[in-house]
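K.L.:
Those protein sequence lines, which keep their order, are chains A and B. Be aware that the first sequence starts at 0, since it is given in numbering that gives the first Met the number 0, and climbs by one per residue. Be aware that the second sequence starts at 0, since it is given in numbering that gives the first Met the number 0, and climbs by one per residue.
Simulated from the structure, these hints should not be mistaken for lab results. Note that the structure is predicted; figures quoted are calculated from it, not measured. Worth double-checking, as some hints may not be accurate.
[Stated by the list, open to error] Derived contacts from chain A toward chain B, CB cut-off under 7 Å, selection only:
{"no.": "1", "residue": "N79"}
{"no.": "2", "residue": "T87"}
{"no.": "3", "residue": "A106"}
{"no.": "4", "residue": "S250"}
{"no.": "5", "residue": "E253"}
{"no.": "6", "residue": "A255"}
{"no.": "7", "residue": "N257"}
{"no.": "8", "residue": "S409"}
[As the list claims (entries may be wrong)] A partial selection of chain A residues facing chain B, derived with a Cβ cut-off under 10 Å:
{"no.": "9", "residue": "T86"}
{"no.": "10", "residue": "Q89"}
{"no.": "11", "residue": "T167"}
{"no.": "12", "residue": "Q258"}
{"no.": "13", "residue": "K401"}
All C-beta atoms, glycine included, are put in the ideal place defined by N, C-alpha and C.
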Amino acid sequence: MSRRHLAILTATVLAAASLTACGSGDSSGGSGKTLTYWASNQGASLEADKAILQPELDRFTQQTGITVNVEVVPWSDLLNRLLAAATTGQGPDVVNIGNTWSASLQATGALVEFDDATLDKIGGKDRFVPAALAAAGAADKPPAAVPLYSLAYALYYNKKAFADAGVTAPPTTWEELTEVGKKLTGDGRWGLAVEGANPSENAHHAFTFGQQYGGDWFDAAGKPSFDTPQNVAAVKRYVDLMAADKIVNPSNAEYAQNQSVSDFANGKAAMLLWQAAGANLRSQNMAPDAYGVAPVPFPATPPAGGKQVNSMVAGINIAVFKHTGNLDGALDFVKFMTSDTAQVTLNKTYGSLPAVNTVAADPAFAADEQKVLAQTLATSAAPLPQVPEESTFETLVGTAIKELFADAASGRPVTEDSVREKLTRAQQQMR
Amino acid sequence: MAVTTSPPVGTPTETGPPARRRSRRPRRSLLPYLLLAPAIVLELAIHVVPMLVGTWMSLLELTQFHIRDWSGAPFVGLDNYRVVLDVDSAAGAELLRSFRVTVVYTVLSVGLSWVLGTTAAVLLQRPFRGRAVLRALFLTPYALPVYTAVITWTFLFQRDTGLVNHVLVDQLGLVDEPPFWLIGDNSFVALLIVSIWRTWPFAFLCIMAGLQNIPDELYEAAAMDGAGFWRRLRSVTLPMLRPVNLVLLLVLFLWTFNDFNTPYVLFGGSAPAEADLISLHIYRSSFQTWDFGTGSAMSVVLLLFLLLVTAGYLLLTNRRRNDA
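Using the sequences plus the hints, can you model the full thing?
P.N.:
Right, dumping it as structure tokens:
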């Protein structure tokens, strides 16, 4: 072998060694006796979540001998991390996903689909709340996940502020909410708090308001229809809470870290639209009897085509990656997390609702807040469109609304034209 | 082994017998390759391969449907480039807007950082009491972890609770209504302030090092010729700093143009339009709207632009040096 060949060979061997080193990691993330689990952030902090989950995971280990390594992932990172895991086939065995992303993640083909046979392994299809299961994947396919925690939006209101202003009942229409909000705004307090710079939060409200105004964000063929007159009216109604009604602090236009919940807990805002805020409020020292919970309002006179929808079917799903090296163990873990005991313990702690029918009557879910959420989910909530482009809709429309809030906060007019222009631009970026 | 028979270091090889000379040669010529190999492997793995893969991706319709097995994504040729370069389309118009913001941002941030760094380095050139402390203080922003530093700025810039508005409104009374810094027009100013705060210490460090290399004799000679401070600065300091500045400005330009950390930590994934830098824009297209094909096309266009500017800059500065 010539010296040149030797040099080339050495370089090649080194290159191959370095490339194999890149690819030879623990591709499954779990062997027969361990599973890796990415949990979404449900509690007051990542550490709090870990402390809440660990006893349950230990119980699972006792039952099955399988150790679960849990990592709590903040919401801001979760979608990207899931996408990276889907792309590379490297990552956890079991994950939490926001239920609105189900169809988007299903389209990657990386998640195990829960057909009837797979559902039977974890207790059967009928165990799950039908509305929650409907938000677990595209309509024409088996679910790509199963529901874990169920949530819905509700109107939280400060009882003392209401009493001081002589308001005896929570508002049931947007017109009433505006009127009450104006009464409660002043002296360093605002009528309502919103999370104006959080695209996901904005997109959720865009969906609910859109339904009430007769709008859909995707047409029957699954094509985006963002800038219809109904959607324009719906988004304008939402942003006008700040722009026209002036019951929202302009500072809320830069809120993206749940500051609106803190403002409500600290008495800086008298009302809040949120999903199961109870646990979060408790962690900020707001006593449960200091606030009331009511359904999210409707328009007083719904426009033609308007639907009686006042929340999305919100919630967290649990999913299994196809790349897991331990499918049976992963399904056992899903079965465990959706078992009656785990469902009661975890949902009780988080203030969310069980995703299975069997424990709905448990006294843990009889508090006023949970009753309102359950009632909303049962009667007036609709799932976000389960189309692959859903996560893109959240980003683009949510960001457009963030810009509209910024306009409103800095005194620029928010008109039908400006709303339409932003929604059109968002739609044009869908491919 | 051959090693044991090698002459001691420094022994002229010419004096050795011919057989011994031959036995040394292979090891000598292999050594450079071995030493280069890690760098070549890393360069390939970190830069060349991803760049080629990225360019290939820019020719595919790469969405969530194909991301798992991306090599199977439909080939669309230059379609993605047509989309991102068509300024009449929403995607093209947004990219152009983001490009303009980035150009202005880069020029201002690099320019002001350089002025600030040069000024501080020149003023700190002469020894005086407390100079070491000042130097250390000036370098602090450069030493801090990016995330920690920028997240602190987001607290400072909060409209209601931030220190910036507290000083402007409550203490100095300069404005009545507290302005927004993280949304709207001012977001660009906020971004620029944080960027300069992060960048100028590096300029300061490089220029300070450059100043050390200027012989005192030059200043002494200039002083004897009656040159004052400004004349010495213009005729001695700046010309002598030219090699340092050539590299420094190029590096700062490339870093600032590609800056992702500052806007991402300051604004989150969706920056206000006024401060939407191109790297964040590409990130959003790729990872938030899951359109990796157009995201890659944007990256390739950006890479070509930066290559072009860098090549032009190097040519221009080389020509000047040759002319000089």
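K.L.:
All hints, please: hold or fail.
P.N.:
Verification of the hints:
no.: 1; hint: N79; in the structure: holds, 6 Å
no.: 2; hint: T87; in the structure: violated, 9 Å
no.: 3; hint: A106; in the structure: holds, 5 Å
no.: 4; hint: S250; in the structure: holds, 5 Å
no.: 5; hint: E253; in the structure: holds, 5 Å
no.: 6; hint: A255; in the structure: holds, 6 Å
no.: 7; hint: N257; in the structure: violated, 13 Å
no.: 8; hint: S409; in the structure: holds, 4 Å
no.: 9; hint: T86; in the structure: holds, 5 Å
no.: 10; hint: Q89; in the structure: violated, 12 Å
no.: 11; hint: T167; in the structure: violated, 31 Å
no.: 12; hint: Q258; in the structure: holds, 9 Å
no.: 13; hint: K401; in the structure: holds, 6 Å
The structure is inconsistent with the numbered hints 2, 7, 10 and 11, although it conforms to all the rest.
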